[in-house]
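J.: Below are the chains, spelled out letter by letter.
2 protein chains.
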Amino acid sequence: MAAKKKSTKTKASATKPTEPLSALLRLPSGPVDLSAIDTAATPGYPGAGKADAPALTEALTPELSELQERLYANGRSEVEGAPSVLVLLQGMDTSGKGGVIRHAMGLVDPQGIQLTSFKVPTPEERKHHYLWRIRRALPKPGMIGIFDRSQYEDVLVVRVEQLVPVSEWNGRYDEINDFEKKAAEAGTTIIKCFLHVSFAEQKERLTARLASPAKYWKYNPRDVDARAKWPAYQEAYTDALERCNTDHAPWFVIPADRKWYRNWAVAQLLREHLIGLDLSWPEATFDVAAEKARVAKS
Amino acid sequence: MAAKKKSTKTKASATKPTEPLSALLRLPSGPVDLSAIDTAATPGYPGAGKADAPALTEALTPELSELQERLYANGRSEVEGAPSVLVLLQGMDTSGKGGVIRHAMGLVDPQGIQLTSFKVPTPEERKHHYLWRIRRALPKPGMIGIFDRSQYEDVLVVRVEQLVPVSEWNGRYDEINDFEKKAAEAGTTIIKCFLHVSFAEQKERLTARLASPAKYWKYNPRDVDARAKWPAYQEAYTDALERCNTDHAPWFVIPADRKWYRNWAVAQLLREHLIGLDLSWPEATFDVAAEKARVAKS
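As you go down the protein sequences, you meet chains A and B in turn.
Numbering-wise, the first sequence is residues -5 to 292 according to the numbering used here.
Numbering-wise, the second sequence is residues -5 to 292 according to the numbering used here.
Read the hints as simulated data drawn from the structure, not as lab findings.
A portion of the hints provided could be inaccurate.
What the hints assert, rightly or not - Dumping the calculated DMTMM-like pairs for lysine to aspartate or glutamate here, alpha-carbon to alpha-carbon at most 25 Å: (1) A:LYS209 / B:GLU57; (2) A:LYS223 / A:GLU195; (3) B:LYS286 / A:ASP217; (4) A:LYS113 / B:GLU74; (5) B:LYS113 / A:GLU74.
Unchecked claim - Facing chain B, a subset of chain A residues (Cβ under 7 Å, in silico): (6) MET99; (7) GLN228; (8) SER292.
Even glycine gets a Cβ: it sits at the ideal position worked out from N, Cα and C.
For reference, chain A alone in the conformation it holds in the complex (with noise of 0.2 Å):
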């Protein structure tokens, strides 16, 4: 472990907030009042403004990279019990959860993300639990698995439409944290970031969306009619963290009216709960002197 330190300190200090981000976006345990939470904060920002967050997130990229090739590397080993993280986005429509995939999980290798996008159930799916395809996506050892949406969709869009009866889904906010837990003690690290964007942002991006052809295909009018249940889904997000913030999967708000400060963020939760694990190389399997005269001779 010696090593680890050593080999991932941050290049540029002014990525380093004074407290960790994790710290400050961490939803407190107890109550939970979203107006009270500021969607246009920048909370632990390192930087001025917009105009320094390419450069403090592109910044993060190689320590990103060797943290995740590292985990990468324990999954790869077979190391017994080798951790995975999870990086689960919700958020009303327009709140960013394409734009953070795209903008901050893209700085680490491929290989090395298990994406999965978790829309309208398909018939396969609704034969089984509602936690069945959930369970079925959660990360491999050594990957970090994103979840563009999740099981949250089953206490929120469905308690919404009414899709089940109450006593259905208010069943399902305990039944979530036992899979949360199991799933953090088999090893994966749990990182639940609700991506909080305003009611007047939202109608900014939706207009954006309808203003340019290169556009519309983010377009889709069922948005607007969720919009106008937009109390509904405040309060139906509302209970989801309040009754799911637990130690071993707590939530994270994460203001999101800022594209820039949105994406940064999210990149530097991940960075800090890569740290965190505290992983070294993986040991050799193998004789590496014996090695070394193989490949010498060949």
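Starting from the known structure of chain A, arrange chain B on it as the hints suggest.
T.: What follows is chain B alone, placed relative to chain A:
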């Protein structure tokens, strides 16, 4: 289609070789002599040497990013006959399949990538025809598929290690050509890349893996066993290149002794093929004016 030329123009003219790289690296039809193709060459490289490579490769990002998004948009919008792209990577151990994925494919949005690494077939895969797992992994419309190894293993390792009789593998070249033809006709642009590394360079890379504990995980004693059969593998590659070099799925031979050239070259090949698709943004599938009014009122 008119909008395309404007928005995909190259940012840095230095990234544009005088002749398309696809033409320079395309394996000519007819007999193949791998020993006559320089593994350390840098055809079409617009820089002076290694020092320029990170900037030249990085300079491709904005354009690759837009081209990939356009492809993805066409897939997402379920445009009839939406295309896909397949980058197929083959090469001896240490030739850099992983490096290409990390450094070249890593330039595009992970949401648009469908990566499959073909290992020794699983018991499940073994129950099926050797093309079964390949067919399942073909990229969906709008996606860039990456094959890390491929159907060619079934005429390479299978042939050299005599895992099936000659009569069996000998029929596979035509079968693979048919398979690729169908995939191409269904809308997949196939870019087959042979990463051409020298016997001497492989030795250096294996030696380097044994010199650093951070690289032990990349080392596999079996790689030296395969190295001992180098001539048999070169012969098998020669046949695969010669007999499966078709217009619908041509081979590109990438000199791979210089990692920086190899990574730039594959990114550049991808760029040229994406430009070749000449894609427009998909039409709106809704009434734009009506939706603008809905959003404005929301």
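J.: Indicate, hint by hint, whether the structure satisfies it.
T.: How the hints compare with the structure:
1. A:LYS209 / B:GLU57: Between LYS209 (chain A) and GLU57 (chain B) the Cα gap is close to 17 Å, so the pair holds against 25 Å.
2. A:LYS223 / A:GLU195: 16 Å, holds
3. B:LYS286 / A:ASP217: Given that 25 Å is the threshold and the Cα spacing comes to 13 Å, the pair holds.
4. A:LYS113 / B:GLU74: The hint holds at about 21 Å.
5. B:LYS113 / A:GLU74: 21 Å, holds
6. MET99: 6 Å, holds
7. GLN228: 15 Å, violated
8. SER292: 5 Å, holds
The structure fails hint 7 only (numbered hints given earlier).
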